[in-house]
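2 protein chains.
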Amino acid sequence: MQRIVVLAGGIGGARFLRGLQSAAPEADITVIGNTGDDIHLFGLKICPDLDTVMYTLGGGIHEEQGWGRAGETFAVKEELAAYGVEPQWFGLGDRDVATHLVRTQMLGAGYPLSAVTEALCARWRPGVRLLPMTDDRVETHVAVEEGGERKALHFQEYWIRLRAGPDAQAVVPVGADQAEPAPGVLEAIAEADVVLFPPSNPVVSIGTILAVPGIREAIAEAGVPVVGLSPIVGDAPVRGMADKVLAAIGVRSTAAAVARHYGSGLLDGWLVDTVDAGAVDEVEEAGIRCRAVPLMMSDPEATARMASDALALAEEVRA
Amino acid sequence: MQRIVVLAGGIGGARFLRGLQSAAPEADITVIGNTGDDIHLFGLKICPDLDTVMYTLGGGIHEEQGWGRAGETFAVKEELAAYGVEPQWFGLGDRDVATHLVRTQMLGAGYPLSAVTEALCARWRPGVRLLPMTDDRVETHVAVEEGGERKALHFQEYWIRLRAGPDAQAVVPVGADQAEPAPGVLEAIAEADVVLFPPSNPVVSIGTILAVPGIREAIAEAGVPVVGLSPIVGDAPVRGMADKVLAAIGVRSTAAAVARHYGSGLLDGWLVDTVDAGAVDEVEEAGIRCRAVPLMMSDPEATARMASDALALAEEVRA
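One line per chain: the protein sequences are Z and D, in this order.
Each residue of the first sequence is one higher than the one before, starting from 1 at the first, in the working numbering.
Each residue of the second sequence is one higher than the one before, starting from 1 at the first, in the working numbering.
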């Protein structure tokens, strides 16, 4: 049985995982989830990326939206606003609140986030082993100028309240340098047959996971194919604000630049979209095997083909 | 301006207060609310009686039901059940959750319950000053036999899960003996022109408030008329399980027995229902002035008349 480790952010990572399950139904998949987007609001601990993966693979996701629950209602959010409680920009759904209540209560009782995530997954049965990258608190902050003043905002505030409007001047995974990989993370990497980077944000999703000391090294030293899929298609992110945060770290928003940012020390293979076929040579010159295939996750079949292509490239690298 | 202090439980107390506001629109009303029914569930601090008063007087109550919010939904509760989280017998509404989140977060930040209640009332504008009886934790426990075993249950579990089915063998306001009256409680009593006991449960509502050291004494020594309304009509409680908990403390479920339980050291006047007119003499023999008037809060007008009758009896006592 093939053991696959996937580093996942939110929507893109979750959808890719569904394609991977379809492409490799027998595989043993471990997902290392980004927790840098986690936020404490209204006394609740909210883990957007873990929940997006859990809901998507567990059949509870709002399909069109890509995040949050299907059939969601917003009574709690409306009432909090009626009390004048800030912030009001976060899309807190009622069904989602129950997840956060269970999580918050378990964390308060002393369980680490990895144990809480396992408990939540006992309901959702996502068909993968979902691990937070760390049980420690990491919060991605984005430095922006607002009204002539430089401010560090929580990533969620930058993304949701400001819709990633202002340029990001810096992106800092606060606490990452002191964090330890959650139990099982390094073991899963060490035992993997292949490691995949879905077309997730290379800075605030996969980059944050790699910022936890030990994880990047474990992947680089695992001695197995590491294959990624470009989140940039035709010089623009397929979704989200990868361009904004790539600019903050001085990386151009091109499929080739992202591959070179990961580097051949980490990445063995890289898939770019067919519209970026011209980038294949540049990536290969950087020592990373590269193929151009369709990379739009427009439907489950297309997504499964992307996962198959990634696994095929991994075998090519291995051979 | 007449200053009225009212000791209030939940539904009965809240409805009476609405009648009192109608009967004495110019009065300055302070409500001392029972917190013995408070419960911690799902990491939330829930104060059923305070909320029932706040929602009823603030226009947010579910009118037919008497507790909870109008237009309430139950997505959070359904989801918690889907996670298998216990208990599942508590009727946690989505709108209500927002109140509990605000309260829990403020308590966690160090505000006392009295300050939290004031903050919540800033939205609801109940038209009274609502004070919890204490900022300290008090929990009413009910001892019952279940399956041959004697157990102490939280009052909410006895009332909601068991629907007050088993006989109550004892009722204990755990923590009351160590509790202090909340800021403003003793001052309000000392400055009152009249103190009213609505037709609330004499054991688990008004009895719990009186169990906080200092409150009973302050009322007895205030030197102003103290008038109550019988929650027992025709030897049965108008609503709730007063008969069960009265039996636990050895008091018969009659209008006269409840008046004598409070005693002439505390109570100056007592209203019984017209069907209990035969009890007037027994109450007056116990040194408590008594009148028989209609005591069914069947509509706002009837409730306002009850409040008027209570205030009239207070003036009679004072004269």
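Hints were generated in silico from the structure; no laboratory data involved.
Be a bit skeptical, because a hint or two may be false.
[What the hints assert, rightly or not] Examples of chain Z residues toward chain D, derived with CB under 7 Å: (1) Cys-121; (2) Arg-123; (3) Gly-127; (4) Leu-186; (5) Ala-190.
[Stated by the list, open to error] From the derived model, a few chain D residues whose C-beta atoms are all more than 10 Å from chain Z: (6) Glu-72; (7) Glu-78; (8) Arg-95; (9) Ala-98; (10) Leu-186; (11) Glu-191; (12) Gly-223; (13) Ala-302.
None of these values were measured; they are calculated from a predicted model.
Heads up, the beta-carbon is just placed ideally off N, CA and C, and yes, glycines get one too.
Here's how the hints hold up against the structure:
Evaluation of the Cys-121/Z hint against chain D yields a violated restraint, the C-beta minimum of about 11 Å exceeding 7 Å. Below 7 Å, beta-carbon pairs count as interface contacts, and Arg-123/Z has one with chain D at about 5 Å; its hint therefore holds. Given the 7 Å rule on beta carbons, the hint for Gly-127/Z is violated: about 18 Å separates it from the nearest Cβ of chain D. Checking Leu-186/Z against chain D: minimum C-beta separation of about 29 Å lies over 7 Å; hint violated.
For Ala-190/Z, the suggested interface contact is broken, since its CB lies about 32 Å from the closest CB of chain D, more than 7 Å. At the 10 Å boundary, the C-beta of Glu-72/D falls inside the reach of chain Z, the nearest C-beta of that chain being 8 Å off. Non-interface call for Glu-78/D relative to chain Z: violated, since the shortest CB-CB distance, roughly 8 Å, does not exceed 10 Å. Not every CB of chain Z lies more than 10 Å from the CB of Arg-95/D, the least distance being 5 Å, so the non-interface label is violated.
For Ala-98/D, the shortest C-beta to C-beta distance to chain Z comes to about 3 Å, within the 10 Å cut-off, and the non-interface label is violated. Even its closest Cβ contact with chain Z, about 29 Å, leaves Leu-186/D beyond 10 Å, as expected for a residue assigned away from the interface. At roughly 30 Å from the closest C-beta of chain Z, the C-beta of Glu-191/D stays outside 10 Å, upholding its exclusion from the interface. The beta carbon of Gly-223/D is kept farther than 10 Å from every beta carbon of chain Z, the shortest such distance being approximately 40 Å.
In this structure Ala-302/D is separated from chain Z by more than 10 Å, as the shortest Cβ-Cβ distance comes to about 32 Å.
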